[in-house]
Amino acid sequence: AQSVTQPDIHITVSEGASLELRCNYSYGATPYLFWYVQSPGQGLQLLLKYFSGDTLVQGIKGFEAEFKRSQSSFNLRKPSVHWSDAAEYFCASTGYSSASKIIFGSGTRLSIRP
Amino acid sequence: DAGVIQSPRHEVTEMGQEVTLRCKPISGHNSLFWYRQTMMRGLELLIYFNNNVPIDDSGMPEDRFSAKMPNASFSTLKIQPSEPRDSAVYFCASSSEDGAYEQYFGPGTRLTVT
Chain A
1 AQSVTQPDIH ITVSEGASLE LRCNYSYGAT PYLFWYVQSP GQGLQLLLKY
51 FSGDTLVQGI KGFEAEFKRS QSSFNLRKPS VHWSDAAEYF CASTGYSSAS
101 KIIFGSGTRL SIRP
Chain B
1001 DAGVIQSPRH EVTEMGQEVT LRCKPISGHN SLFWYRQTMM RGLELLIYFN
1051 NNVPIDDSGM PEDRFSAKMP NASFSTLKIQ PSEPRDSAVY FCASSSEDGA
1101 YEQYFGPGTR LTVT
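If you read the protein sequences in the order shown, they are chains A and B. Following our numbering, the numbering of the first sequence begins with 1 at its first residue and continues without gaps. Following our numbering, the numbering of the second sequence begins with 1001 at its first residue and continues without gaps.
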């Protein structure tokens, strides 16, 4: 069965430090992969997506993610975090149709230390 | 585009009352999804529609919950009768088959049942 795992429930990093949020997926074929961000009291906003091609994808707000088939991972990275990056981050995957279920990970809450 | 529109943004009701949540998807999107988010259970998919037809309602918690999509631009999620454990944030999202597949989320409806 399709699943998405985010092993880190909560991460705290200092402002200006680099960030990596982990995501592992389980799917029979190469899925479509997404990272969403949710600020407090807000809906989810798409940061970036991977469908095919270049395994390093760039997103909004300076985020990037790398698809590694051998590790079934799609980790999110940012070289230097800002206080405004404090939020909940969700990794997600889906199949080849918009009618397919999108499976969300449980989320990672990011806190920024001043 | 105005994005996904949900109403009301906040709803406070008493146990036993009927609650109706509304969603207007992005124009041209043909899939619509209803989610519920709580601290305890995270983000749960309740039901999704494709071309106005319910595809999977296995996430609907019980018969008190029902959802309809009478046309491509409107959907409702109804809870009757409501219970305190239904208190949550309910999100609507829509997506398109036109190469995108990612879901665009509305701002959510925060429901409180007392």
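No lab work stands behind these hints: they were computed from the structure. Wrong hints could be hidden among the right ones.
As the list claims (entries may be wrong) - In silico lysine to aspartate or glutamate, DMTMM-like type, Cα no more than 25 Å apart, as pairs: (1) Lys61(A) with Glu1018(B); (2) Lys1078(B) with Asp1056(B); (3) Lys1068(B) with Glu1018(B); (4) Lys49(A) with Glu1097(B); (5) Lys61(A) with Asp85(A); (6) Lys101(A) with Asp8(A); (7) Lys101(A) with Glu1102(B); (8) Lys101(A) with Asp1057(B); (9) Lys1068(B) with Glu1097(B); (10) Lys61(A) with Glu20(A); (11) Lys1068(B) with Glu1102(B); (12) Lys1078(B) with Glu1062(B); (13) Lys101(A) with Asp1056(B); (14) Lys1078(B) with Glu1014(B); (15) Lys101(A) with Glu66(A); (16) Lys101(A) with Glu1014(B); (17) Lys49(A) with Glu1102(B); (18) Lys101(A) with Glu1018(B); (19) Lys49(A) with Glu64(A); (20) Lys61(A) with Glu15(A); (21) Lys1068(B) with Glu1014(B); (22) Lys49(A) with Glu1044(B); (23) Lys101(A) with Glu1097(B); (24) Lys1024(B) with Glu1097(B); (25) Lys101(A) with Glu88(A); (26) Lys101(A) with Asp1063(B); (27) Lys49(A) with Asp1056(B); (28) Lys68(A) with Glu1102(B); (29) Lys68(A) with Asp8(A).
### Task
Output the numbers, in ascending order, of every earlier hint that fails for this structure.
Violated: hints 1, 16, 18.
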